[in-house]
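**Student:** Here is what each chain is made of, one letter per residue.
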Amino acid sequence: MLFFLVLLFFAGFFLGRFLKTDWIRKYRVLIVLTFLLLFALGVEIGSNEDVVVKLESILSSAFLISTFAVLGSFVFAVILEKVLRK
Amino acid sequence: MMALFLLSSVVVGVLVGRFTGFRLPDWSVNVVLYVIIFLVGVDLSKEKLRFDVALKVLLTVVGTVLGTYSGALIFSLFSSLKISEILAVASGFGWYSLSAVIVSNVHSAQLGAIAFFSNVLRELYAIVLTPVLSKYSRNAVVSIAGATSMDTLLGPISHYTDRETSLLAFAHGFIVTMLVPVMVNLFLVFSR
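In order, the protein sequence lines correspond to chains A and B.
When the letters of the first sequence are read in order and numbered with my numbering, they come out as residues 12 to 97.
When the letters of the second sequence are read in order and numbered with my numbering, they come out as residues 1101 to 1292.
A few of these clues could be false.
Here are the simulated SDA-like pairs of lysine to any residue, each with C-alpha atoms no more than 25 Å apart in a straight line [unchecked claim]:
1. A:37 to B:1266
2. A:65 to B:1104
3. A:93 to B:1173
Reference excerpt, derived from the structure (chain A facing chain B, CB under 7 Å, subset only) [as the list claims (entries may be wrong)]:
4. 28
5. 43
6. 47
7. 75
If you are wondering where the hints come from, they were derived from the structure by calculation, not from laboratory data.
The structure presented is a predicted model; accordingly, all values stated were derived computationally and were not measured.
Idealized CB from N, CA, C, for every residue including glycine.
The following block holds chain B by itself, in its conformation from the complex:
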């Protein structure tokens, strides 16, 4: 539900930008992003990290990363986009705000828009699939959520699975979230 509200605020923005003369200063996207990143850090500082599930967390992260990239590589076989561009977009792991801003700053507004919509859709997939898949594979629910397993999807995941999976989801989302800026930038270096 929240994802739909968020999506509609982009759509409103697109319509305003397209059909009115309304413009925001160039720095506005970046400044809001900086405030968000800082506050996410502040918010997380109160979480107690547990290390006893570390191995399982790392394996799940590996599964998420390898799975996402192999899916992206299969798509690259029949896409006109460069492999590195597709991998950069996929490296958002569902964190659409950050990946879209980085991609449009470093690469182009067009690939930035692809990064945005692709990662919003990943979050929507996760929201829709979590109730359906939670009985079949708990790991899969966490992996599909990607970076959002720490925030937006944490609520639904803890609702449909158990405490252990919720902890896994949080730690997994934490690590994947840290990977997003690094991997997006890395692949963009190769696509220039």
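So here's chain A without its partners, still in its complex pose:
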């Protein structure tokens, strides 16, 4: 799956040079597709009994992982910035 995704990305990246691309931003194609993707993902989550039962613990893990990831990124970015200035 990974290989296929990277391949698709680069196919787009190289083909895009020869195509008109303004319609992607003009009609907000990516946002509309993201809505579709998230809805489909939601249906998958909602119809999975396992996930629904554990939703509370899923949400709390998700909250904690993102909080720690954001805090870590903040600390490292500030340290790097201080080091670079010297």
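Dock chain B against chain A, hints included.
**Tutor:** Frame of chain A, contents of chain B only:
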């Protein structure tokens, strides 16, 4: 604001999946994802990449990756999840659509849901914190945004910082975005 709309489309999907018999074919999530990835590539092909800020970009990426993983490692000290599972979730760097789909395909729907919500929250954090932190540290604003510093957060970042930081944000987001599928898969290999 956009993040809230996006979040609500998941919630609607969850409710529909839970309380109605409505089902989408198994391939639908993947097909939409493929189209998105392809179009992101097409969209980016028109950007001119600049290499003069390369060193600063690389250092910022290193800060984002190390910072995210050390935060995740601290969390792993008091979580029942495996370290590799937590690192795989954190490797989404805010790109919730891709990381959630990969994690639920390769691992489990449950960890996929954690990946989804955790990375949506990272984007929400970035949206809320960008105006607050931009005066204190511009690097931090970019690092917190993770992969989204290239798309969703590029607008807010360029609004609250300067041109140089916007360029940094774009290049940083570009590299981190490329890292997402690689790192998520890598950590999932260890959590089987």
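**Student:** Confirm or reject each hint.
**Tutor:** Here is what the structure says about each hint:
At roughly 21 Å between alpha-carbon atoms, residue 37 of chain A and residue 1266 of chain B fall within 25 Å of each other, so this suggested pair holds. Taking the CA atoms of residue 65 of chain A and residue 1104 of chain B, the gap is near 23 Å; set against the 25 Å cutoff, the hint holds. Between residue 93 of chain A and residue 1173 of chain B the CA atoms are separated by roughly 24 Å; this keeps the pair inside 25 Å, and the hint holds. Residue-level restraint check for residue 28 of chain A holds (minimum Cβ-Cβ distance to chain B is 5 Å; threshold 7 Å).
Look at residue 43 of chain A: its Cβ only gets to about 10 Å from chain B, farther than 7 Å, so that hint breaks. Evaluation of the residue 47 of chain A hint against chain B yields a held restraint, the C-beta minimum of about 5 Å falling below 7 Å. Restraint check, residue 75 of chain A versus chain B: the minimum CB separation of about 5 Å is within 7 Å; hint holds.
Checked against the numbered hints above, the structure breaks only hint 5 and satisfies the rest.
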